[in-house]
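K.L.:
One-letter residues, chain by chain:
There are 2 protein chains.
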Amino acid sequence: MSANAAVTGPEQLATVLDAAGPALRGLIERTERRLEEIATAYGPELTRHSASTLTAGGKRLRPMLLFICAGDADSVDLVRAAAAVELLHTATLVHDDVLDRAALRRGRPTVFSSGGRGAATATGDLLFSRAFAELTATGDNEAVRALAFASSALARGELIQREDAWKPDVTRERYLERCELKTARLFEAACRLGALLGTPGPRAADALGAFGSRIGVAFQIFDDVLDVSGPVDRTGKPRGTDLLDGTITLPLILARRRDPTLRQLAVDSPQSAEDVCDRIAATGALDDARKEAMRHVAAGKDELAALDLNGRQRRALDLVADGVVERYS
Amino acid sequence: MSANAAVTGPEQLATVLDAAGPALRGLIERTERRLEEIATAYGPELTRHSASTLTAGGKRLRPMLLFICAGDADSVDLVRAAAAVELLHTATLVHDDVLDRAALRRGRPTVFSSGGRGAATATGDLLFSRAFAELTATGDNEAVRALAFASSALARGELIQREDAWKPDVTRERYLERCELKTARLFEAACRLGALLGTPGPRAADALGAFGSRIGVAFQIFDDVLDVSGPVDRTGKPRGTDLLDGTITLPLILARRRDPTLRQLAVDSPQSAEDVCDRIAATGALDDARKEAMRHVAAGKDELAALDLNGRQRRALDLVADGVVERYS
Chain F
1 MSANAAVTGP
11 EQLATVLDAA
21 GPALRGLIER
31 TERRLEEIAT
41 AYGPELTRHS
51 ASTLTAGGKR
61 LRPMLLFICA
71 GDADSVDLVR
81 AAAAVELLHT
91 ATLVHDDVLD
101 RAALRRGRPT
111 VFSSGGRGAA
121 TATGDLLFSR
131 AFAELTATGD
141 NEAVRALAFA
151 SSALARGELI
161 QREDAWKPDV
171 TRERYLERCE
181 LKTARLFEAA
191 CRLGALLGTP
201 GPRAADALGA
211 FGSRIGVAFQ
221 IFDDVLDVSG
231 PVDRTGKPRG
241 TDLLDGTITL
251 PLILARRRDP
261 TLRQLAVDSP
271 QSAEDVCDRI
281 AATGALDDAR
291 KEAMRHVAAG
301 KDELAALDLN
311 GRQRRALDLV
321 ADGVVERYS
Chain U
330 MSANAAVTGP
340 EQLATVLDAA
350 GPALRGLIER
360 TERRLEEIAT
370 AYGPELTRHS
380 ASTLTAGGKR
390 LRPMLLFICA
400 GDADSVDLVR
410 AAAAVELLHT
420 ATLVHDDVLD
430 RAALRRGRPT
440 VFSSGGRGAA
450 TATGDLLFSR
460 AFAELTATGD
470 NEAVRALAFA
480 SSALARGELI
490 QREDAWKPDV
500 TRERYLERCE
510 LKTARLFEAA
520 CRLGALLGTP
530 GPRAADALGA
540 FGSRIGVAFQ
550 IFDDVLDVSG
560 PVDRTGKPRG
570 TDLLDGTITL
580 PLILARRRDP
590 TLRQLAVDSP
600 QSAEDVCDRI
610 AATGALDDAR
620 KEAMRHVAAG
630 KDELAALDLN
640 GRQRRALDLV
650 ADGVVERYS
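So the sequence lines, in the order shown, correspond to chains F and U. For the first sequence, our numbering begins at 1 and goes up steadily by one. For the second sequence, our numbering begins at 330 and goes up steadily by one.
The following block holds chain F by itself, in its conformation from the complex (with noise of 0.2 Å):
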């Protein structure tokens, strides 16, 4: 349940890139640059710190929605929304790693491996406070309030999780909420953002966030998915990663319906973890699982229709509807 360990392809990633025309690809840069300068901008620490993070890459699928959310606007405050939202994002994986003691993010040492506890915990607080410093610079209230209550609810996921590790009788919907909290409001919030900041206003906001947010629950149900199904080589770590952190996730939620054996597990090795994946599969868990994700996908899409969209803006936001779910399949 780490939203990230699963990278969009990047050939799926170019396709997107292109549909949305090259001012996205020009955005993205400027937005890289900006994390740069903002890395190095707060002390040795951070810039030493942040270099195994901030700057490691990651394929900006937040920033990419917002831009596109914002159809053909293009401002330094645009630039500064999607920064924002990385950091914030990045934020949360630096405090992650810390909880998960994990050695390396996006092929990289982690600040934790590389810095210790209290540096992560604390480059990962600095982190957070420079995403609020640089959406407020956009002097746009709105804006700030919707990374506000993504940010919260992203510490309330988080909070979540950790409540309901190991326990046996975690629901489908409670699953679900946690995703919402978790992974869909930041989503739902770059949405916002583009939609706040760029040429769709205001009034554009509300139906662009539902979809990032459906959106953003589709993404957690597939990374959740792949978790189980793999493969390896793809995802770059072993399978079943959450059932040895204890992790609850729809794919095991849905398959314990069908064979109960799976309500008491006992996961205590990478190969028990893998084993128990392979029963989930067997139960055709995984399957039912991608179908709930593909519902939000097109719950989603359907945000949109009511909206006046140009064609080149609704191509690319279904590109990346579309991304989200066929990534792997």
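Hints in this document: simulated from the structure, not taken from any laboratory. Positions of the beta carbon are idealized from the N, C-alpha and C atoms, including for glycine. Certain hints may be false.
What the hints assert, rightly or not - To give an idea of the interface, some chain U residues facing chain F are shown, with a C-beta separation under 10 Å as derived from the structure: (1) Thr452; (2) Ala477; (3) Phe478; (4) Ser480; (5) Gln490.
As the list claims (entries may be wrong) - Computed spacing ranges between beta-carbons, pair by pair: (6) Ala23/F <-> Arg644/U: 58 to 68 Å; (7) Arg592/U <-> Asp100/F: 20 to 30 Å; (8) Thr47/F <-> Asp647/U: 36 to 46 Å; (9) Glu358/U <-> Arg315/F: 51 to 61 Å.
We have chain F; now place chain U onto it with these hints.
P.N.:
Frame of chain F; chain U shown alone:
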């Protein structure tokens, strides 16, 4: 260097409250209620964890400064700003407690000890987010900017503190920079927010902010003196906890100049920490450190000179300033 172990005595707090008039007491009570509302409005997880932090009291020194700086103003936005400052402060305490593996805070179990690392990290993140959400609700962009500035500084101060741990060559200047970042900026923000949202207005924000910053540095130096001097029955913690953490503070920096044997330390037990405290005290460094703090207090008061404050406001600010250096002396 926790900036919190020592509390300004209740008698003295009462003096400030009396000098400022009954309105201050009412505002502080409203802040307490607002914090309670926030603590119970974001799910049962936060409610449970926040009882041991957010609503566990504390001296509310930063809200008090904020309200006094606001002059005769009284508004929902002021209470929101005070709550925001306290939320941010509490967020850093919760994260500090994780890093220090602290069992108790303000006489109650920490979130870390009752909920574990994961819950405490997420709770801190949630409090961070709520701080910004709360202040954003005032609609004052300049205020949000001030909080973001302080919040980044806090995290950077924490980074520097971890970075400098156990280093034998931490200078007085480096120590003061850390105080500035880790403590003074939030005091400054509290005063600045009071000015911005209160009677003095934006034109007085720089001077009141500078006052707050100086008081914050003095507060931190005195806190660090108390860690060496005790008495334990008033600070509520053993002497030398900073030494045990490897945190180099002004008393040791000054003492090393007089007693070179203090340059090689082997602090590995509470007893050895106490012994080093005695050796630091024997050099006279504690008095020098107190004098340094008092210089900051005097400089802080100087910042107020040119401002057009009413008598009650000036008296209350003087009392807070004096209170910072008078506690336990």
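K.L.:
If a hint holds in the structure, say so; if it doesn't, say that too.
P.N.:
How the hints compare with the structure:
1. Thr452: holds (7 Å)
2. Ala477: holds (4 Å)
3. Phe478: Since the shortest Cβ distance to chain F is 7 Å, the answer is holds.
4. Ser480: holds (4 Å)
5. Gln490: holds (8 Å)
6. Ala23/F <-> Arg644/U: 58 to 68 Å: Holds - the Cβ-Cβ distance for Ala23/F and Arg644/U, about 59 Å, lies within 58 to 68 Å.
7. Arg592/U <-> Asp100/F: 20 to 30 Å: With a Cβ separation near 39 Å, Arg592/U and Asp100/F fall outside 20 to 30 Å, so the hint is violated.
8. Thr47/F <-> Asp647/U: 36 to 46 Å: holds (41 Å)
9. Glu358/U <-> Arg315/F: 51 to 61 Å: holds (57 Å)
Going through the hint list in order, the structure does not satisfy hint 7, though it satisfies all others.
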